[in-house]
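S.K.: Letter by letter, the chains look like this.
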Amino acid sequence: MSVLRPFQASDMFKFNNVNLDIWTETYNIGFYLHYLSRWPDLCCVQEAPTGRMMGYVIGKAEGQGAEWHGHVTAITVAPEYRRLSLARKMMSLLELVSDEIYRGFFVDLYVRCNNLVALELYEGMDYSVYRRVREYYGNLGVGKGGRDEEDAFDMRKPLSRDGARRSVRSNGRDIVVSAHDVS
Amino acid sequence: MSIALDRQIRPIYDSLDTGANKSAIVGCNKLLKKHPKNALVQALKALALVRSQKVEEALALCDEVLEYKPTDDATLNAMMHVLRGLGRHKDMITMYEAAYKKQPANEELGAQTFFANVRANNWKSAQQVASKMYKQFQEDRYLYWSAISTVLQANDPNTAAEMRTLLYKLALRLITSSPASSHVHPDRFHLHLTILRELREFDEAMALLETPNGQNICQTNLACNEIRRDIMRLRGALEDEGRRAEQRILNKNDRNWLEFLSVVDGTFSHLTVSKPSEDAREQCLSKVSNTLALFTKISVQDGKKDRSGLLGLLELESRSRKHGISTDPTRMVQLLKQYFETFGDKACCYEDLKPYVSLEGGDLAAWTEFLKASPPPLSTTENVKRVINTHKLLRYNLSASELTVEAESSRAVLYIEQYLEGLPLGKDLPVTELQHVDDFAILAASVFVNIWKLNGDIKYLYNAVVLLEFALSQSKQAFQMRLMLIRIYRLLGSPSVALEHYRLLGIKQVQNDTLSHFILSRASTFSLAASGDLTLSTECVESSQIYISNSQETSDFVIRAFSGEKYSQIPQFILFENWLDNSLQRDIVKLEYLRMRITHEVISSEVIDLELIELKFVFDRIHHDNRDLEIIPNYQPRDVESFNAQTMMFEKSEGHGWVWSFLKSYIKAFSQASDLDDVVEEKLLVGDRPQAAGPAKTGTLKERLAIREKEELAELTSDELSLISYADALAEWLEPFHDHVRPPASVVLAEAAKQTELKTGMPLKGVDITPPNGHVKKEEDTPPITEAPEDLVKFFENMKARFETVENAESPNEALHVATLTQEAFLLFVIETLRFKSASVVKIHKLGNLVAKFKPIRAIAAGILKDMAGSLEKMSALEGTSEKRRDFVSACMLPSSQMDDDFQMNIAKKVTDSRKKVEEGVAKGLMRLCSTYEQ
Numbered sequence: 001m002s003v004l005r006p007f008q009a010s011d012m013f014k015f016n017n018v019n020l021d022i023w024t025e026t027y028n029i030g031f032y033l034h035y036l037s038r039w040p041d042l043c044c045v046q047e048a049p050t051g052r053m054m055g056y057v058i059g060k061a062e063g064q065g066a067e068w069h070g071h072v073t074a075i076t077v078a079p080e081y082r083r084l085s086l087a088r089k090m091m092s093l094l095e096l097v098s099d100e101i102y103r104g105f106f107v108d109l110y111v112r113c114n115n116l117v118a119l120e121l122y123e124g125m126d127y128s129v130y131r132r133v134r135e136y137y138g139n140l141g142v143g144k145g146g147r148d149e150e151d152a153f154d155m156r157k158p159l160s161r162d163g164a165r166r167s168v169r170s171n172g173r174d175i176v177v178s179a180h181d182v183s
Numbered sequence: 001m002s003i004a005l006d007r008q009i010r011p012i013y014d015s016l017d018t019g020a021n022k023s024a025i026v027g028c029n030k031l032l033k034k035h036p037k038n039a040l041v042q043a044l045k046a047l048a049l050v051r052s053q054k055v056e057e058a059l060a061l062c063d064e065v066l067e068y069k070p071t072d073d074a075t076l077n078a079m080m081h082v083l084r085g086l087g088r089h090k091d092m093i094t095m096y097e098a099a100y101k102k103q104p105a106n107e108e109l110g111a112q113t114f115f116a117n118v119r120a121n122n123w124k125s126a127q128q129v130a131s132k133m134y135k136q137f138q139e140d141r142y143l144y145w146s147a148i149s150t151v152l153q154a155n156d157p158n159t160a161a162e163m164r165t166l167l168y169k170l171a172l173r174l175i176t177s178s179p180a181s182s183h184v185h186p187d188r189f190h191l192h193l194t195i196l197r198e199l200r201e202f203d204e205a206m207a208l209l210e211t212p213n214g215q216n217i218c219q220t221n222l223a224c225n226e227i228r229r230d231i232m233r234l235r236g237a238l239e240d241e242g243r244r245a246e247q248r249i250l251n252k253n254d255r256n257w258l259e260f261l262s263v264v265d266g267t268f269s270h271l272t273v274s275k276p277s278e279d280a281r282e283q284c285l286s287k288v289s290n291t292l293a294l295f296t297k298i299s300v301q302d303g304k305k306d307r308s309g310l311l312g313l314l315e316l317e318s319r320s321r322k323h324g325i326s327t328d329p330t331r332m333v334q335l336l337k338q339y340f341e342t343f344g345d346k347a348c349c350y351e352d353l354k355p356y357v358s359l360e361g362g363d364l365a366a367w368t369e370f371l372k373a374s375p376p377p378l379s380t381t382e383n384v385k386r387v388i389n390t391h392k393l394l395r396y397n398l399s400a401s402e403l404t405v406e407a408e409s410s411r412a413v414l415y416i417e418q419y420l421e422g423l424p425l426g427k428d429l430p431v432t433e434l435q436h437v438d439d440f441a442i443l444a445a446s447v448f449v450n451i452w453k454l455n456g457d458i459k460y461l462y463n464a465v466v467l468l469e470f471a472l473s474q475s476k477q478a479f480q481m482r483l484m485l486i487r488i489y490r491l492l493g494s495p496s497v498a499l500e501h502y503r504l505l506g507i508k509q510v511q512n513d514t515l516s517h518f519i520l521s522r523a524s525t526f527s528l529a530a531s532g533d534l535t536l537s538t539e540c541v542e543s544s545q546i547y548i549s550n551s552q553e554t555s556d557f558v559i560r561a562f563s564g565e566k567y568s569q570i571p572q573f574i575l576f577e578n579w580l581d582n583s584l585q586r587d588i589v590k591l592e593y594l595r596m597r598i599t600h601e602v603i604s605s606e607v608i609d610l611e612l613i614e615l616k617f618v619f620d621r622i623h624h625d626n627r628d629l630e631i632i633p634n635y636q637p638r639d640v641e642s643f644n645a646q647t648m649m650f651e652k653s654e655g656h657g658w659v660w661s662f663l664k665s666y667i668k669a670f671s672q673a674s675d676l677d678d679v680v681e682e683k684l685l686v687g688d689r690p691q692a693a694g695p696a697k698t699g700t701l702k703e704r705l706a707i708r709e710k711e712e713l714a715e716l717t718s719d720e721l722s723l724i725s726y727a728d729a730l731a732e733w734l735e736p737f738h739d740h741v742r743p744p745a746s747v748v749l750a751e752a753a754k755q756t757e758l759k760t761g762m763p764l765k766g767v768d769i770t771p772p773n774g775h776v777k778k779e780e781d782t783p784p785i786t787e788a789p790e791d792l793v794k795f796f797e798n799m800k801a802r803f804e805t806v807e808n809a810e811s812p813n814e815a816l817h818v819a820t821l822t823q824e825a826f827l828l829f830v831i832e833t834l835r836f837k838s839a840s841v842v843k844i845h846k847l848g849n850l851v852a853k854f855k856p857i858r859a860i861a862a863g864i865l866k867d868m869a870g871s872l873e874k875m876s877a878l879e880g881t882s883e884k885r886r887d888f889v890s891a892c893m894l895p896s897s898q899m900d901d902d903f904q905m906n907i908a909k910k911v912t913d914s915r916k917k918v919e920e921g922v923a924k925g926l927m928r929l930c931s932t933y934e935q
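Those protein sequences? They're chains H and A, same order as listed.
Every letter in the first sequence is one number past the one before it in the UniProt record's numbering, and letter 100, counting from 1, is 100.
Every letter in the second sequence is one number past the one before it in the UniProt record's numbering, and letter 356, counting from 1, is 356.
Quick caveat, the hints were computed from the structure, so don't treat them as lab data.
A couple of the hints might just be wrong.
[Stated by the list, open to error] Taking lysine-lysine pairs in the DSSO-like style, the calculated list, with each CA pair at most 30 Å apart, reads:
(1) A:Lys652 to A:Lys855
(2) A:Lys252 to H:Lys60
(3) A:Lys305 to H:Lys89
(4) H:Lys89 to A:Lys69
(5) A:Lys90 to A:Lys169
Bear in mind that the values here come from a model prediction, so they are computed numbers and not experimental data.
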C-alpha cells in the first residue's frame, strides 16, 4: 500500500529519510537530472499516503545489440518501510518499462556481495548472478567486510525478448571480472 | 584557420581543460602577438581570465570579440562559456542570434540560439526561434519546442494572467498543426495532455486517451497516467475512474494506493455536491457496500502481504463518517483493531493509522482499552515493533490531564526498561543495521523533552541526551537520534557537540539546502568568528556551494531535456532550479554568514559595497522554503506541540519574516554607508540582473525598506526585535548626513573607471571618465545636527538589564543571544559611522558636532559589552569545573547498570566543555571588537 508515482526533480528536497540511511548515496544534482533528462520512465518513487517518501528507483537503458537492457542504478527503501515488498513493486515497474517500452533483453543490477538480504530478495525475483565484479564499490568503512564488501555481483533477469534466456548463466558466481570491464 | 595556428591553439585548450588558466593566458598572449585580432584566441583568453577571477580584463576582451559577430563554432563555444561565467545571458542571445542570422541554414546555430533563450528564460523569443526552425528544417521536434516554450511563457510568473489561456490555445494550435500525432511519443503525448487539461478540453483529451496508443502509454508511463487520472477527476468522471481502478485492482493485482483512492472517490461521487438528495444518499450507500465487499475481498486475499485492502476499508469508513452515512458505529474501531492485529508488527503501522485514530468518546475508550490490553512479551522482534506501535498510538491520544510530570516520568521509565529488555534481540545485527528497539529510546527522549517543556527543568534534557547517546552507541546509523541530539545539544548551549553529530550525518549536495538548518539556524549566536574561530562561518560557505552548482549545472539539463524531447521534465527542472535558487535557507545562511563576517573581518567600504550588492539581489527574491522539518521524528500527543517546535532555539522558527527583517536592517545600514547608489550600481554591474521571480515588487527601494510588517516581526525573538528597532532608529538619525556627504554618482564612477584602467589598461565601457570639472561641492548646506535618539543608549542599557536576568540560567543560550545581539548593534553603529571617521569629511562638511555625539554612545556600548564579556568569562570558568560535571551526572535518572557513571561523565564533559568553549570564545570576541572599534 503506497503511491507509485514518477520521480520528479523536486523529490530531491524530500528524500532525506531515504538518503540519510547508510546504504543510500546522495549524488550531485546532475546525477539525478541526468537520469531524469534521459529515462524519466525508469525513475519512480513510492510514497506513503501522508506524502512521506518511502523509497525510489533510478534506472536507465543501455547496451549494444543483444546486450541492450534495462539497468537498475539505484534502488532504495527507507529503513522504516522495509519488508513491505516495496522494492519488488518498483522493480516490477522497471521490468515492465524495460520490456515493453525499451524492448530490452534483460534487466540487470549490481549488489554488494555481502548484502545477503538484497541478494536473497533479488533471487526471489528471478534474478541470478551473471558475474562478480572486483572492487566495484568503495569501502563503506563500517566493518571488516573484506572482498565481499567491495566486490559486486552483477545480477540479471531475462525479459520476454530473451525467450532463450541467453542473457543469464548458471555459473555466474565463478566468473570474475574487474571493474574496468563493466560500464 | 591555418593548420599551424590550429596546432598552436590545441595546448591552450588542454590548459583550460586541466584548470591551468595561467598557462592558457600565457599561450594566448604569445599567439595574440602574431594574430592580434584572432577572435578564437581572444575568446579563449577571456575564458582563462574569467576562470582566474580577472573579471575586468575578461570583460574588455569579451566585448571586443562580440563586436566581430563571430559565426564559427569554436569561437561561439568559447564565448558561450565566457558569457555564462560572467552571467551575461542576454549577450549570449545576441551573439547567437547574430550568427544564426548570418547563416540561417545552419541548424546547429538555430538550436544554440534557441538554447541561449532557454537559459535566460526568454520563452517568447525561444518560441519564435523554434517556429522559425520548424519552418526551415521541417522537424516535428522544433514544433514541440515551440509549443512547450509557449506553455512555459504562460506559466512564467511575469506573464499576465489574461495571457495564459491565449498562450495555451496557441500551444494547442501548434501541436495540432503537426501532421504526426502526439501519441507516438510519451513525452509529446504528455505535453499535449497537459495543454488540453489546462484548457479543459476534456472531450478532446479523452479521445486521445482512448486510442490504443494512448491507452498503452498510460499503462506504462506513470507521468501520463497521472495526467489521465487528473483529467478524469476534473471532468467529474469519478465513477468511471473508480470502475477502471477496480478492474486494475482485481485483474492486474495493482496495489497502487492511488487506485484504491480512485475507487473510494468513485464510491462517494454522488455526494460531492453540497446538498445531496435522499436518492443520491441511497445510491451512495449501496455503492459503499459494494466497495466494502471489494476491499474486504482484497484484504482477505492479500492477508499480510499488502496493506492496501485493510487501509482501503479504513479510508472508506472514515469518509462514510464524514458524509454521515456510516451504518455501523463500531466499525471504525473494529477496523483499527483488525489493522493493528495484522500489521502491528510493521514499523509503518503508526503512520498508517495516524489519520484515523483522532477518536473521541466511546470510540477512544474502546480503542485505548484494546491497545492497553496485555502487551506481548518482548521476546521477538515482531513483538517489539508491536509494543512500540502500541506506545506510539496510545501516546498520540493522551489528553492534557494524562500529561503530568509524574505520568510522563513513569512512561519514560517504562520505555527505557523495555528498551533495555529488548536490546539483546539485536545483539548479532551488523553495525550497519538499526536496532529493533531504537524507537523505545526515541519515545523516552521525546517524553523527557516534553517534561522539560512542562516544568522547565533542564535535567530532563540531560537525561534525553544521555539516553540518546547510549542508544546511538548501540545503533550507529540511527540518524533520527542524531537529529534529536543536535537539537537538544543546541538547546543546552553545546554547539560544538551538535556540530560533531551533524558532520557524522554525512550531509551532501542538495541535503545542504534541506538540512543545514539543523546547525545553522541562528548560528551567529554561537559563532566564535570574532575571536578567530571560523568553524561556523566556514560551515555556511560550504553549505552554500550547492547554490553555485545549481546555477551552473541545472540549466544544462533543461537543455538536455529539450534535446532528448523529455518535455515532461522541463517544467520540473525549471521549478527545481528556481526553488533552489530562491531557497529561504540559502538566504538565512547568507545572513548568518554576514553577521559572522562583520565580527571577523575589518569593516571597510569594500566589504560594505560587496555585501550591499548581494543583499539587494536577495531582496528581490521570492523565497521558497525547502527546509526539511519533517525528518525529525515526532511522537508527541496530538494536542501537544511537535518535537520540532519544542526544540526550536528560542522557540521561534526563522522564516520569511525573519529574513526580511534582518535584510532590511542591513541593506539600510549598508546603503547609507556605501557610495554605490542605484545609478552607480547599474553602471558597474557585471552580468544580467537576476530575474525577479514573480511580479516585480512595487515601490522604490527606500519605500520597501521602510515597511515593517507585523507578521514579519512576529518571527523575531524579543531581543532581535529590540535590535531591529535600534537599527531603524540609528538609520533614521544618520540618513540625512549620509545623503549629504555621499559623493555624486559621476565622481564615484570616474574613480571606478580610473581604477579599472589602471588594472586593465582599457577604459571602462559606457562610463565617461573625464572627472567632473573642479571640486564638486554640494549646493545644500549641511543638514542641522540633531540629537542622537534616546533609543540608542536605551537599547544598550536594556540589553544590559536583559543580560543580568539571564546570565544565571541553566543554559547559556539566552545570555549568548543577548550578548551577540548587543555586539551586533555595536557593529551596526560602526558601519553607520564609518563614513564620518575621515577627518577631512568631517571638516569639509562641518560635521564635528555630529561626530561628537557618537562618542558617548560608543563608550556606553563598549562598556556594556565588556561587562558582558566579563560575565561570560566567569560563566565559562565555572563550566569547566568537575562540580558542574557532577551536577550533570547527579541529574541523570537512568539505570546505571548500562549507562554507567563513566558514560554519563563523558557526556557531561562534552556538554560542559562545549559550553565553556563558546562562552569563552564569545567573551574574547566581544573584547576584541571593543578594542578594535572603541575609538
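S.K.: All hints are to be evaluated individually against the structure, with a verdict given for each.
M.R.: Right, here's what the structure says about each hint:
1. A:Lys652 to A:Lys855: Violated - the C-alpha atoms of A:Lys855 and A:Lys652 are around 35 Å apart, more than 30 Å.
2. A:Lys252 to H:Lys60: holds (25 Å)
3. A:Lys305 to H:Lys89: Cα-Cα ~12 Å, so holds.
4. H:Lys89 to A:Lys69: Violated. H:Lys89 to A:Lys69 sits at ~55 Å, over the 30 Å cutoff.
5. A:Lys90 to A:Lys169: Holds, because 28 Å separates the two Cα atoms, which is no more than 30 Å.
The structure shown violates the earlier hints numbered 1 and 4.
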